[in-house]
Amino acid sequence: MSKWIRSNSVAVIYAVLFLITALPILSPLGLPISIGPTTRKFASIIDSLKKDDIVFVDINFSPGSWAENGPQLAVIMKHLWTKGVKVLFFSLAVDGPQMYMKAIGQATPPPSLKYGVDWVYLGYLSGAETAAAAITKDTWSLVKSDYFGTPLQNLPIMQKIRTAEDAQLLIVVTSGEMSWMWVRQWYERYRKTYLLAPISIMVPSGAPYQQAGQIAAILAGSRGAAEYEVLIAKPGEGATVTDALTMQLLYLMCLIIIGNVIFYTQRKGRRTSATGGI
Amino acid sequence: MSIVYRRTIPLAITVVFLVLMVCEYFFASPVLKNVGLEMQSWAVLISAFAVGLGVITILRHHGMRIAKRSEDWPMSAWLMATMVLFMVLGIGFGQNNPMFKWIYDNVYGSLSSATYSILGLFITSAAFRAFRARNLDAAVLLIAGFIILMGATPTIAALWEGLRYLSGWVMDVPTAATGRVIVIGAALGLITLALRIIIAKETGFLGGGSGEAA
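Heads up: the protein sequence lines correspond to chains F and B, in order. Per this note's numbering, the first sequence starts with residue 1, numbered consecutively. Per this note's numbering, the second sequence starts with residue 1001, numbered consecutively.
What the hints contain is simulated information worked out from the structure, not anything from laboratory work. Incorrect hints may have been included.
With a Cα cut of at most 30 Å, we get these calculated DSS-like pairs of lysine-lysine [stated by the list, open to error]:
hint, chain 1, residue 1, chain 2, residue 2
1, B, K1201, F, K160
2, F, K114, F, K192
3, F, K144, B, K1068
4, F, K41, F, K51
5, B, K1101, F, K102
6, F, K50, F, K102
7, F, K268, F, K192
8, F, K192, B, K1033
9, F, K268, F, K234
10, F, K41, F, K234
11, B, K1101, F, K114
12, B, K1101, F, K234
13, F, K83, F, K114
14, F, K160, F, K50
15, B, K1101, F, K144
16, F, K41, F, K144
17, F, K192, F, K83
Just a few of them, taken from the derived set where beta-carbon distance is under 10 Å, the chain B residues facing chain F [to be verified]:
hint, residue
18, S1041
19, A1043
20, I1066
21, Y1108
22, F1128
23, G1145
24, G1151
25, A1152
26, T1155
C-beta atoms are modelled at their ideal positions from N, C-alpha and C, and glycine is treated no differently.
All chains should be modelled from the sequences, with the hints used to inform the complete structure.
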């Protein structure tokens, strides 16, 4: 049996990973969650917005990273709806429109908020950094109608938005490295607050920008989303996967320890046999 | 004459536009702002056009593979069939069409998530087989990684609040310091590249050469 496990170690590792991921999702364990300082800061910046403040939101990810970015976007939307702010959504990623539709399905705005008055979605804007520069400099020159084909002049919200100067905040929900260009195109150019909600793996790359104050706060992946959901008491997909995330990370730590114990045991065995047990 | 068309004119256009855009970024002039805005609109249009060009290139490439019955040509046929189907549904019936949404969510979405989740399998396997304290350097890396891992585990962080500060220190001091080096290095590299383009020393982006001007 142990020989079979050794020769099929990778298969065994994957099978256990599958089980410890699936079981907590099917039957939640209700493990405790602590809220980190950056999540608190992220939420407090949105909390500090006043009624009718304008927020730009870049939905910049594809379905592959939905598990991390989806809960982030949904919880951010839920929080924004409570603040009475005006939100301009757009996407610099080609899959953005589908991600917007899916997220808004999970974070349904209250009936008091109206599309075109309280929020608008401009759809996918090609051109990456060039599009980012253009939309912040003169939104109307880049886009003539929203994602659904309504001309901008027929949307009351757009009468208040011309450039980034009109906005108070930019939130980027992303899975790509392109988000660093917003430091140039948003913070350095207009000196406005920039919040970043990336996948977990991107968080270390964002640390220098966060320390320099160019990114005000970073919401780290699905864990950040879960913390945010707990903080604003709006449970969602993030909290659902937290048990699975905890179990995965604990499993990862166990594997590292087991791997090192095996490594040292084998090395000691090799040394002992080399010296003839002396 | 051909060198003028192939190299000199594109290079001159690039240099003029590059200098204008740099000036537009750093100087607050209404004239430069309007010029920059117009150029950015052009760039957005060109990149939108590039998407269409990409579709034509893929269709041409895989069409040739099917015509020549190259190795794995049925894969090319499958790619073209799904691409055409997706385009017809998306462009013809709109992105809110139920069939388009079904394919997007249940085929593309699922496959995309599966591809991304493979990363989790690699990390798990690597944690067991490669993440070992073979020497002092590897041991330091292992300990730092372990602290970050524990800090990222919601339940451990909830049980021991001090761990957040410990993992925060690893992220904010050594990680941020090395990250800053990379960012500054990349920025300097980019500035050098831009300067080389402005003085026509860099021609690699025109294609067909090593990038070093004669």
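Now for the hints, and whether the structure bears them out:
no., hint, verdict
1, B/K1201 to F/K160, "46 Å, violated"
2, F/K114 to F/K192, "26 Å, holds"
3, F/K144 to B/K1068, "45 Å, violated"
4, F/K41 to F/K51, "19 Å, holds"
5, B/K1101 to F/K102, "10 Å, holds"
6, F/K50 to F/K102, "27 Å, holds"
7, F/K268 to F/K192, "58 Å, violated"
8, F/K192 to B/K1033, "19 Å, holds"
9, F/K268 to F/K234, "53 Å, violated"
10, F/K41 to F/K234, "17 Å, holds"
11, B/K1101 to F/K114, "24 Å, holds"
12, B/K1101 to F/K234, "27 Å, holds"
13, F/K83 to F/K114, "14 Å, holds"
14, F/K160 to F/K50, "15 Å, holds"
15, B/K1101 to F/K144, "26 Å, holds"
16, F/K41 to F/K144, "35 Å, violated"
17, F/K192 to F/K83, "19 Å, holds"
18, S1041, "6 Å, holds"
19, A1043, "4 Å, holds"
20, I1066, "26 Å, violated"
21, Y1108, "7 Å, holds"
22, F1128, "4 Å, holds"
23, G1145, "8 Å, holds"
24, G1151, "9 Å, holds"
25, A1152, "6 Å, holds"
26, T1155, "4 Å, holds"
Consistency note: the structure conflicts with the earlier hints numbered 1, 3, 7, 9, 16, 20.
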